[in-house]
Amino acid sequence: MASSGYLSRAQGAVRILHAAARGTAAVTAVFCLVIVVILAMSLAQARKADPIDSPVLEKLIREMADRPDDEDLKYQIRSLDLLTRRAHFATRAFIRNGAFLLLGGVVLLLASLRVLSVLERRLPEPAAADAAEPPHLFSERGRRAMSIAGGAALAASVVLGILFGSRTVPPASVSRPPSPRPDGGDVPLFPSREEMLRNWPGFRGPDGNGIAYCTRAPLKWNGATGKGVLWKTEVPRPGFSSPVVWGGRVFLSGADRDGREIFCFDADTGDLLWRASASGIPGSPAALPEVMDDTGHAAPTMATDGRRAYAMFSTGDLMAVGLDGKKVWGRNLGVPRNGYGHSSSPIVFRDTLLVQYDHAGGARLLILDARTGETRQETVREVETSWSSPIIVETESGPLAVLCADPTVAGYDPETGLELWAVKCLEGAEVGPSAAYANGLVFAANDNAKCAAIDLETEKILWDRLEELPDCASPLAVGAFLFLASSAGEITCLEARTGKVLWQREFDDGFYASPIAAGDRVYLTDRNGVTHVFRAGAKYEEVAANPLGEKSDCTPAIVTGRIFLRGRKHLYCVGEK
Amino acid sequence: MRGERTARRTGAGVLFAGFNVRPAVRPPADLSSCRAKTSSEAPNSVKGAENEAKSTRTPGLCCVLTLTIVVVIVACATASAERFPQPEFDSGYQMPAQAHPSAWGNAWEYLDVAVLAGALVTASYLALKWRRRKGMFALTVFSIVYFGFWRRGCICPVGSLQNVVLALTDPGYTLPLSALAFFVLPLGFALYCGRTFCAGVCPLGAIQDVVVVKPVRMPRWLSHALGTIPYLYLGLAVLFAAGGAGFVICRYDPFVSFFRMSGELSRLVMGGVLLVLGMFVARPYCRFLCPYGVLLGWMSRFSKRHLTITPDECVKCRLCEDSCPFDAIRKPVEDEGPEPRAAGVRRLGMLLLLIPVFVAAGVLAGGWAEGALSRAHPKVRLSERIAREDAGEVPDGTTESETFRQMKTPLSALHEEAENIWKRFLAGGRTLGGLLGLAFGLNLIGLSVRWKRFDYEPDRGACLSCARCISYCPREHVRVKEQGGTSDGVFRVP
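Residue numbers (this note's numbering), protein chains in the order written: chain A, 520 to 1096; chain B, 18 to 511.
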């Protein structure tokens, strides 16, 4: 009797515990479900009131850009920002508290379910022996399931291959291993900065800024008598392109109605090493475009990177030849419609060629792969026809390509072609001169517009000037000075920071060639072929006036202690014997 | 048995070879001294079980030795740090500040390693020596609290394998010693005493273990087929970690959001779904997703000791048949089945001959999928995005592309890097595909080989050593009663 009483009390206790556990489980399950729903709603609300992504706040901030002094607007922005942040963090705190409640509810739910499972535990009752899956059936079904899974995986990979393809990177943009030299060595893909500075790779020297990094250059010569002239060579075809020099080679282009060619001369002897014809270029027009006599068909100065030499002609033909004269690639960019004739010179930047192609058919900046001529980037420019050339500016934040045209001077990323800034200062001009750069300032000058100094930091015009402006010769910035040379024969020296005129000189013959600085001297050739050498200083000090013996509109190349000048018919090398 | 010993010796050597750990890591002492005296009989036979129970070399001795090895490694690290001071340059060049995390980490990480080692020792004791499910449950709760909520689910051994892979493939990456310890310790314990890490130490497994309410038995062929997914996940995790595409195991950890009480909604939902599913399909992540479980399963197959259902002999009472919620108990198989032996041999031979075909198919499949795989790398995605923006295919830039452009890094450098990454993923994808093809073939072969078994025993690869099955065995209750204790009763011996 006692034991049966004990058992009935124990069974009663188990029943009570079971009911309690079941009730607790039910209540906590409902509790957890409610918390989950409330948390889900709070999460959705938190997403809507994101203080970082608030359209109303963004709109107000944009309005403030136009009204920076509006105090009411500022107050409105601050208040709205504070309210949004408060709401956001309050919601986050609410969600966090809810998460803790949910955690507590889940723990209680699991505990009550565990109690229930213990109380409801039954003795194990193995199923009938023959009801279990026999091993051979498992093997058979398992193999079938594995085969289906394997087939599905194979099919999935095929679908992925079709949908996503096998290659994701544009192959034209990828650098490839450098081609070996004939002696079996390897040449880097593009020249180093030091190599560029040691040579004369394009119009107005390295970077196109008119600065020669050779500080020891000849001061006096006479092309007519031969004094100071190392050699003088006839150029087979006429052209207004200036000489470019790399290693022991001087490159020139020339063109007339009979043909267009690239010439390579030995820099030490003046011997013509080879000549390469720009013929057979796909898309090249059958008829030459009409150009002015002052421009001709070979006005753009060539460019070189020590691996290839690049030349452009009035037809829009752009050709690259190896240092042995063999054609590497040629393409036609479209015949430029620009009245006078195309004269903008390409410039080398690392493994690309930058071409400023502003004409009536559409202005654009082209970034071409130097090895293949393929277009890597093409940026459409909202400018008029121009004849100036790009320069490369090395700033603290990286290299910059500066282009001049009507109406803007613009800075571009030379890798991507992305326009970074543009300043209007050349409206209404037929822009021929290129920009100049020194000490954080970009200078642009053109007749019928203005001469402006643009601060790269603020992208604003620091000062401008309207008199004695050039229309062909590019300005030269050397240290604290800016030099302008006009077609009317005026040389003006300005203080670069302020635009204050320091001195002016007038000459009988105008200047088409651009001035070049070497050390503390400036070399400027007038249209009569006389190269005026003067000090780059606050006072005019003439060092020499050196006649060439023939007319010239080309900019000299000053490199390795020598000066290379192109006259109408000859190429000269001036230096010490 | 001899083959098992060879496999264990090779496995131990592989564990400690070739890691870029700063300071230098010495290979461990030979683990052969840890092993108990071998028995010529299978460990789960009657006589083998007796020898196991009577062995004087406890699991604790080897665990202490393992801890000693860890301390030696740390000491070597200290010594080598002093042996290799920074060089002094005549030009006055100053070494830049170290950008990578120091291998020393901080004190909390070393405490975590100590707690991990202690928990592994405890789990091994609970599974092999004390054979107590209640104790294992308590350890499970402790692991959720400590490794889960307190240490916020990181670092965990499951993710540490990616750190190790990255250290092997990237010379610039310094593997923290704690990450190495987290990777090695559970594998070492699995090699000796089975998957005791999974039993009650892994926080991901622990949180799933506590929600098992009413486990439903899945068809075995289905769970077998789903059990191949972890191999794919492991391969992808290794490929992405080696390729620099990130740690996918961590990125898609379903339970870390619960431990941290915050996270992306998608991850919370994924974790919630797995937990709700886990109430009925026990430990779905562990059985059908966990990539680290693949390695643990390999180690466990060759383990010297393993949890057994019966403490001594199996009387084939069948009471434990349905005790395992993870379907890891294998029944005795004494007859060869209705299929003629010749047909089985023919099928086996054909599968062996098809192995190279499976491998080749896997290599092809891996090559086809590399386009999708390489896009997991952010540099490849950025390169493609910028190319599409420059080609005018998309109108606006993304935050990443705009940031890249402002950095003025040459575009050619980005594209070149993306091309190199693509090539790495192509090679890696093909290798992964080939290995998966091989695994597929070996799996089919495994399904075609006839295994004989005389007792009810846990599958060494699949058994998580949770000790649930122990209390179903009447022999266990006899043992406990003889020792004067009380058992965790499914039923109690009066």
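Calculated from the structure, these hints are not laboratory results. Ideal Cβ positions, reconstructed from N, Cα and C, are used throughout, including at glycine. Hints may contain errors.
[As the list claims (entries may be wrong)] Label-pair distances were calculated between CB atoms; the ranges are:
| id | chain 1 | residue 1 | chain 2 | residue 2 | range |
| --- | --- | --- | --- | --- | --- |
| 1 | A | E639 | B | M278 | 44 to 50 Å |
| 2 | B | V495 | A | R663 | 23 to 29 Å |
| 3 | A | N851 | B | G189 | 22 to 28 Å |
| 4 | A | F657 | B | F166 | 17 to 23 Å |
| 5 | A | L601 | B | A155 | 48 to 54 Å |
| 6 | A | L622 | B | V495 | 38 to 44 Å |
| 7 | A | L638 | B | N123 | 43 to 49 Å |
Against the structure, the hints:
no., hint, verdict
1, A:E639 x B:M278: 44 to 50 Å, "violated, 33 Å"
2, B:V495 x A:R663: 23 to 29 Å, "violated, 43 Å"
3, A:N851 x B:G189: 22 to 28 Å, "violated, 47 Å"
4, A:F657 x B:F166: 17 to 23 Å, "violated, 40 Å"
5, A:L601 x B:A155: 48 to 54 Å, "holds, 49 Å"
6, A:L622 x B:V495: 38 to 44 Å, "holds, 42 Å"
7, A:L638 x B:N123: 43 to 49 Å, "holds, 47 Å"
The structure is inconsistent with the numbered hints 1, 2, 3, 4, although it conforms to all the rest.
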